[in-house]
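**Q** With chain A held as given, fit chain B onto it using these hints.
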Amino acid sequence: MKKYVIIGNSAAGIGAVEGIRRIDAKGEITVITNEPYHTYSRPLISYLLLGKVTEEKMKYRADSFYDEHGCKLVHETAALIDSAAKQVILSKGSRIPYDKLLAATGSLAVIPPFEGLGTVKDKTTFMSLDDAKKLDKMLGADKHVLIVGAGLIGLKCAEGIIKKAARITVLDIASGILPNILDDGGAKLVLRYLKSKGIVFALNAKIKRFDGNNAVLESEDKINFDILVLASGVRPNTALLDKIADIKRGILINERSETSAPDIYAAGDCAEALDVSSGKSRVMALLPNAYMQGECAGINMAGGDKIFDKAIPMNAVGFFGLHIVTAGSYDGEVYEEGTDGTDGDKTGEVRYKRLFYKDNALNGYILIGDVEKAGIYTSLIRERTPLDTIDFPLICEKPGLMAFTQNERSAKLGGINT
Amino acid sequence: MCEYYCAFAGTNGKDMARALKDCDIKPRINIEEADGISFAVSCRHCREPLCVKGCITGALGMDGTVITIDKDRCVGCYTCITLCPYGAISASGDGAVQKCELCVSTSEGIPACVRGCPNGAIVYEERA
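Order-wise, the sequence lines are chains A and B. FYI, the numbering used here numbers position 282 of the first sequence as 282, with every residue one higher than the one before it. FYI, the numbering used here numbers position 77 of the second sequence as 77, with every residue one higher than the one before it.
Pulled out of the complex, with its shape left as it was, chain A reads as follows:
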């Protein structure tokens, strides 16, 4: 009987369990997690603070998941991998042997080495359920929260706690927000929207040092706060495979989720794979890719033959009811339309659309407000559909299957290849 060991209990790890069980009903599966919880959906921590979900509803799979999939959940930290002996060594010293191993170790918060950070009493990162619980305890109606980092994590945190704090300031060294997912125009629009919801921004602001409850900026301005949230970035958690497998920014994997080391796979935020929208190797730290890379790893670990070669960066996120959907890379010519909600009869309606295309293929898009049928654009990117085979002007205006040829439509809708 094969022995599978999975380090990580989030989307990639769960995907691997489901992948393994599609092929091998009997093999022994051990899932190792350094958290004391059932598998939960990490992006939901901001929804928990917002009160939109309960801890119970954050569970990524049913209570019966581990039993039903015949796997053992070990709540301990994986300290070391002995790849020669094919064993994972846990923090308390015990060893778990494996035939096939998956590293689904996620990402870690990057904390810049700010001077005086140690003098700040109430501070946290915002990555895990424990972080969310810790923050929740610190919050109060009279508290001023300073969030360092205007990316997805920082801004989702801001949305989550807006009713639980007196004031929220989001600080970033950059001049715009959400630099990883928006272009300048989109970022300005979302910034204005977030300000209208009461979030205060300090952009182009560089922190010189912390002094207790004060952040001292390069400009010598001071921001007084009660609680500090550190959300300036994440990096792949690759340490366990250091000197065992090839690592660039993340653990390098191929389209079978294999690392360069025999019998060791990697998936999710800790891994780096080919982004088909740019042709470059990238860490794509987002949940759907994590699941799909994990599932692919699981199937291959169990002796199946699975290729996942359609990874692209992709984000679906909402702030106070405003939906933002983006995918791919923003390279090439631009199709644009939209309104920023300030002009004439469209006041209040925010709609922003940018499609990026080059060399007969759609490379990326940004949609804010109206995101209906966005998956049709995503599919054009993932499948590298030649744009001269569809009615591109029509699909730019409105995503739909109408833009495809009749044969293509019959295949898509009838399951018949004509």
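Derived by calculation from the structure, the hints in this document are not laboratory data. Any given hint could be a false lead.
[What the hints assert, rightly or not] The list that follows gives simulated cross-link-like pairs (lysine-lysine, DSBU-like), each with its CA atoms no further than 30 Å apart:
#1 398/A - 21/B
#2 222/A - 134/A
#3 71/B - 412/A
#4 3/A - 134/A
#5 195/A - 353/A
#6 71/B - 59/A
#7 14/B - 52/A
#8 52/A - 197/A
#9 52/A - 164/A
#10 222/A - 59/A
#11 121/A - 52/A
#12 71/B - 163/A
#13 21/B - 71/B
#14 21/B - 164/A
#15 306/A - 248/A
#16 398/A - 14/B
#17 133/A - 71/B
#18 398/A - 26/B
#19 57/A - 21/B
#20 222/A - 280/A
#21 133/A - 59/A
#22 353/A - 26/B
#23 412/A - 26/B
[Unchecked claim] Residues from chain B shown here face chain A by an in silico Cβ test under 10 Å; the list is partial:
#24 30
#25 33
#26 55
#27 65
#28 66
#29 77
#30 79
#31 84
#32 95
#33 115
Values in this document were obtained by computation on a predicted structure and should not be read as measured data. Note that CB positions come from ideal geometry on N, CA and C, so glycine has one too.
**A** Only chain B this time, still in chain A's reference frame:
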């Protein structure tokens, strides 16, 4: 008509005209039309469903071969809308998303759109 039958199937009402009167209907099947061509699009219940794999909460799942949505667990992040290559998942208006579930819980074995299509253009059958 299929759009109306679909919207009606979700209401548990007896009379379609009354149930949908003055409603802005939100059907889970949609007609695309242009230049004399029209066709209906609803969930294809993919064998390898990107929406289920990408769902951040586990709200989308498979019940046999039918892809279902547990609205209680959906937070309306729209990751599935970002992934569905058919544009077959949409906002429901109550925060969660909606999609065709083949009337498994509302109708007598045959989806309402199939029963209601006057031209027999929508069929319900197994395809390999």
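**Q** Measure nothing beyond the straight line between the CA atoms of residue 222/A and residue 280/A; if it is 30 Å or shorter, mark the hint as holding.
**A** Outside the cut-off at roughly 41 Å; violated.
**Q** Does the alpha-carbon distance linking residue 133/A and residue 71/B stay inside the 30 Å limit?
**A** 25 Å, holds
**Q** Between the alpha carbons of residue 412/A and residue 26/B, is the straight-line distance 30 Å or under?
**A** At roughly 23 Å apart (the allowed maximum being 30 Å), residue 26/B and residue 412/A satisfy the hint.
**Q** Mind checking the alpha carbons of residue 306/A and residue 248/A for me, to see if they're no more than 30 Å apart?
**A** 24 Å, holds
**Q** Is the hinted pair residue 121/A and residue 52/A satisfied, with a Cα-Cα distance of at most 30 Å?
**A** 29 Å, holds
**Q** For the pair supplied as a hint, residue 398/A and residue 26/B, is the alpha-carbon distance within the 30 Å limit?
**A** 18 Å, holds
**Q** Let's test the interface hint: is any C-beta of chain A closer than 10 Å to that of residue 33/B?
**A** Status holds, d = 8 Å.
**Q** Can residue 79/B be said to touch chain A, with a Cβ gap under 10 Å?
**A** 4 Å, holds
**Q** Against the 30 Å threshold, does the CA-CA distance of residue 133/A and residue 59/A hold or violate the hint?
**A** 15 Å, holds
**Q** Against the 30 Å threshold, does the CA-CA distance of residue 57/A and residue 21/B hold or violate the hint?
**A** Status violated; Cα separation ~35 Å.
**Q** Tell me if the straight-line CA distance from residue 3/A to residue 134/A falls inside 30 Å.
**A** With Cα atoms ~37 Å apart, residue 3/A and residue 134/A exceed 30 Å; violated.
**Q** Tell me if the straight-line CA distance from residue 195/A to residue 353/A falls inside 30 Å.
**A** 21 Å, holds
Going down the numbered hints, you'll see the structure goes against 4, 7, 10, 14, 16, 19, 20, 27, 28 and 33, while the others check out.
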